[in-house]
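Student: For this one, chain A is given, so just place chain B on it according to the hints.
Here are the chains, one letter per residue:
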Amino acid sequence: MAKSIVQEFTKGLWNEIPPFRLVLGLCPVLGVTTTMENGLGMGMATTFVLCCSNILVSALRSVIPAKVRIACFIIIIATFVTVVELLMQAFAYKLFLKLGVFIPLIVVNCIVLGRAEAFASKNNMILSLADGLGIGIGFTLSLGIVGAVREILGTGTFFGNTLFGASFHPFAFMVQAPGAFVCLGLLLCFMNMVGNK
Amino acid sequence: MREMIKMVVVLTLLSAVSGGLLAAVRNGTKDRIENQQLQLVKGPAIRAILEGCTNDPVADRFKLKDDTLERSFFIGVFNGKPQAVAFETFGKGYGGDVGLMVAVNVTDDKLVGVGVTTHSETPGLGAKSKTDPVFAKQFKGASTQTAINVTNDGGAINALSGATITSRAVCAAATDAGQIYQRLKTQISEKLKRLPQ
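Here the protein sequences come in this chain order: A and B. Per our numbering, numbering of the first sequence is gapless, rising by one per residue and ending at 197. Per our numbering, numbering of the second sequence is gapless, rising by one per residue and ending at 394.
Only chain A is shown next, with the shape it has when bound in the complex:
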């Protein structure tokens, strides 16, 4: 039991790390990662929703009728997303202004629904929480890494601190949408190179 909890948790960090291994949930990966702060904030919001929805779906898995399960999952997920949105407005309004429309879009993030359908509806609450935490932290790290690369190359800053001298010309392409695709592709390539050894 203890071993499988660890397994479920760690698989999200490498073997099934969402944007790189599963290539899922790309919309926020491409949309909000112009800075590392945005990426991490978005990742944490998603992690919170993922853990809560996984626990609740797992707790209710014997009650939810199979035919309307997707509708039930969506209600649960949408509720937690709205809670996150309200909390973020109340306690991190600046971050909310930057992430804007991407917060409500967590509802249709296929990672969250995917974990509810594929994992939480078939496993107990503790395993589901481990799975949600693992995948969520993996997702947060991925967003953070993509955000860091884009921020360092695109604006020459890291967490808002200037890194280079005045002679550095920011590679503005990296903070635009096409730069996000290129950055994600290169990181995927790197992950596969390391993973295949």
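I should point out that these hints are in silico values taken from the structure, not numbers from a laboratory. Mixed in with the good hints, there may be bad ones.
[To be verified] Taking beta-carbon pairs under 8 Å as the criterion, some of the chain B residues facing chain A (in silico): (1) Leu-208; (2) Leu-211; (3) Leu-218; (4) Leu-219; (5) Arg-223; (6) Arg-229; (7) Leu-237.
What you are looking at is a predicted structure, and each value in this text was computed from that prediction instead of being measured. By construction, the Cβ of each residue, glycine as well, lies at the ideal position given by its N, Cα and C atoms.
Tutor: Frame of chain A; chain B shown alone:
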């Protein structure tokens, strides 16, 4: 049949619980969110249009009932006297409502200035309504008794190039503000008289 009933019951219960939870979270965070918006979105707009006032307009505010709505009014003190009130109105823009903070001089009933607060207009076109100082300056000194229009509609406001709809939304919001001011004028001046100096 039993399965049908179960589906309906589960979905209804789940929606009801979710609705209740969201209402509770909303109630709990409402004041904080309003405060955050005041400080980070409305506050800067208010201070910009009431430039030179000697008080803190965000702290010195009062509420008035307008029909069923409750509106917040922010007081600007100039030369030791409360001379202007600022309040927010909305116009229909290209991508939804455009929020406009409008300040009115209570001695001559003319507009002191306007500033766009919240909007979802196109970046580079309609979004300029918030950043272009030349556009906002045109509203200074406009009357609260007549409608304000863009030049295309026979008015005096030069529309932002490529953003006629946004410009019209700002004009509509400013016209609306004039009407609100005329409607509530007596109540406003009473409130200002009672203000502790």
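Student: Could you check if B/Leu-218 really has its C-beta closer than 8 Å to a C-beta on chain A?
Tutor: Holds - the Cβ of B/Leu-218 comes within 8 Å of chain A, reaching about 6 Å at its closest.
Student: Was the hint right that B/Leu-208 lines chain A, CB cutoff 8 Å?
Tutor: holds (6 Å)
Student: Verify the interface restraint on B/Leu-219: the C-beta must sit less than 8 Å from at least one C-beta of chain A.
Tutor: Cβ of B/Leu-219 sits 5 Å from chain A, so the hint holds.
Student: With a cut-off of 8 Å, does the beta carbon of B/Arg-223 approach a beta carbon of chain A closely enough for the hint to hold?
Tutor: B/Arg-223 check passes; min Cβ-Cβ to chain A is 6 Å, inside 8 Å.
Student: Does B/Leu-211 meet its interface restraint, that is, does its C-beta lie within less than 8 Å of any C-beta in chain A?
Tutor: holds (5 Å)
Student: Any CB of chain A closer than 8 Å to the CB of B/Arg-229?
Tutor: holds (4 Å)
Student: Would the hint on B/Leu-237 be counted as holding, given a Cβ-Cβ threshold of 8 Å to chain A?
Tutor: Cβ of B/Leu-237 sits 5 Å from chain A, so the hint holds.
Consistency with the previously given hints is maintained throughout, with no hint failing.
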